[in-house]
Structures are given as C-alpha cells and as structure tokens.
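Chemist: Here is what each chain is made of, one letter per residue.
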Amino acid sequence: MTIDPVNFAAILAMGALTYFTRILGFLIADRLPKSGPVRVALDALPPAVLVAVIAPIVMSGPIEAAAGLVVLLLALRLPLIATVAIGVAVAALLRFAFL
Amino acid sequence: MTTPLADFRAGLVAVFPTVAAAVPFALILGQQATAKGLTPAEMLAMSSIVFAGSSQLIAVGLWSTPAPVAALALMAFLVNLRHTLMGASLSGKIAHFGRLRWVAAFLLTDEAWALSERRALDRPISRTFYFTVALTMFFFWQTASVLGTVFGAYLEHPEAWGLDFAFPAIFIALALGFWKGARRTGPVLVASAVVAVAVHATVPGAWYVIAGAIAGISAAVITAPRERPAKALAGETTR
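Chains A and B supply the protein sequences, listed in that same order.
For the first sequence, position 10 (counting from the first letter as 1) is numbered 10 according to the numbering used here, and the numbering increases by one without interruption.
For the second sequence, position 75 (counting from the first letter as 1) is numbered 75 according to the numbering used here, and the numbering increases by one without interruption.
Hints may be right or wrong, so weigh each one.
[As the list claims (entries may be wrong)] So the derived list for chain A, only partly shown, Cβ under 8 Å to chain B, looks like this:
#, residue
1, I3
2, I54
3, L73
4, R77
5, T83
6, A89
7, A97
[To be verified] Reference listing, derived: stretches of chain A covered by chain B, where coverage requires no fewer than 3 residues with Cβ under 8 Å from a Cβ of chain B:
#, region
8, 6 to 20
9, 23 to 35
10, 45 to 53
11, 61 to 68
To be clear, the hints were calculated from the coordinates, so they are not data collected in a lab.
No residue lacks a Cβ here, since even glycine has one placed at the ideal position from N, Cα and C.
Next up, chain A with everything else stripped away, as it sits in the complex:
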C-alpha cells in the first residue's frame, strides 16, 4: 500500500485540470446572458452532447448500429434499466453470432 511521489504528482495534476474543466462551465454560464441565442444554445446543449458521445459508437459497426436501433425502439416503451439490459444482451448475442 504505497504511493510513489511522481505517480501522486501525476494524479494531482490530472485531478486539478479535470476539476478545472468541471468548474469552468459554471464560471462561464454565470457570465452569459440568460436570453436570446445563448439561451437557445444552452437549451440545445444536452441533446447535442449526448448525440456527439453516442454517434461515433453507434456508427462504429453494423452490430453497434443494430443494437443502437433496438435500444432506441425499446426506450420508447420500457424503463431505462430494462432497455439497457436488453440492449447489452442484443449486442452480446450479435457479436457471439457474427464475430
């Protein structure tokens, strides 16, 4: 159970810069106008970020695309946990069958 000083320095530096990315958004938002185009942009941010994270994963192969489509359809009807469980099972089965 030891901590190497250089490793700890790296961890602290990573942590400090990561915390900076986390508070930077708050600091910026406090100074932004609450109406007009900025408001439109902030309202659109959640779906824009979610889709930017998802799209390259879903487009990385036919199995991911198929499993993504299944999840999309299930999510319209089922609660989150059931959707995710079935999505994971579909991805696993497709990979088992085709890889």
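Use these hints to put chain B onto chain A, whose structure you have.
Modeler: Positioned in the frame of chain A, the structure of chain B alone reads:
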C-alpha cells in the same frame, strides 16, 4: 412537491443502470493499472481525485515509470473538456445549491450530468437527487477500481458480453427525453451526429464530443425562430 426521501429513492433508481454499466469498467481499470505497476493505494487516489472514467482508462494506458506528469495532465484536460459544456448547461439548473455547487462540480460525471439534465426536464434538480446520484457513482467507481487491482483479471474481454454497450444504451435512452419535435431538435441531432462521426474518424483524441456539441448548438441557434416573444413562448409548451 417531492420530499427528500422521494428524491433519494428517485436518485437511487436513476443511478442504478449507470452503476451497473460503470462497475465492469472500473474493474478493468484497476486490473490495467496493476499491470502498469500502480498500487491499490494509487488506484484509490486516482479514482478519488480525478474521478473521470475515460480519462483514467487512457491515463493508465499512457502510464510509464517515472510517470509522464505533463502529458497525463494535458490528456486529462483535453479528454474532460466536455465537462465544461455540461457544466455550462447544468449551472443554472443547480444555482440553488449555493456553495455546494463547487462540490457538485467535483462529482460531475457524464452519467450524473445526463441523469440530472433528464430530471430537470420534469422538475427541479434537488440537492438530494443530485448528490444521491453523484455520490453513489463515486462510491462504486472507487470501490470497483480498487477491487479491480485484485480481481480485474477475471474480466478480460467486456466487449464479448456486450458490457461496453451499456453506456451508449443509457445515453440513447436519455437522449430521447430531449426530443422537442423534428423542427426544433432535428437539426441539432443531425448536425451533432454528422460532425461527431466525421471528427471522430479524422482527428485523434476526444475532440469529437466538443466538435459535435458545438455543431449541434450552432444548428439550434441558426434554425431557431426569429426573436418574437409570442412565438418563442408557443414553442416552449411543446415540452
């Protein structure tokens, strides 16, 4: 109005799938850290101080002895820069947290952010809800990454079990909640998806999230109806 107990329960229910998705990756993180010579105490320190999954996995991949401090720190900054966009969006919705907002920022993860934004569509985000979600993730991430330094070797190929698909599945399901009709949300989704995929394919690193998000919000601003208060208000009710 919701009570703290109800918010606590809602937080636990909301966070459960994301915990189930994160734990296998924390185990693998711990296992890979051990392979690079990091000790369980160092793993605990990293998961507590950095607490950002993808940057930690990349960091462990880059790790050598002595640790390349500057490269690791710069990588963590670039990979986690997406938190700035998330924070900008979340900021006004948790303004009532007061000073606890700076603690909330420390615990901000993709998962806690996405669940809170989804919650904010229906009702205000309470402190109880946010910290139930965020602290539960924190607890399980630390515990599982340290356990991974001991047991991670048993979980060598998470893709074979489809476990890597849990995270995108959660995000797809949450993204549906932000649909406000093809006219308003369509351009955002198309611009974000096209740019994210293009940048992901051509630019190394995590820039694709930032690029896609900026394309998406630009599309929203460009296609927004001209500033006429009555019209803007009519649009709001379609939520």
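Chemist: Against the structure, test the hints numbered earlier, and report the numbers of the ones violated in rising order.
Modeler: 3, 4, 7
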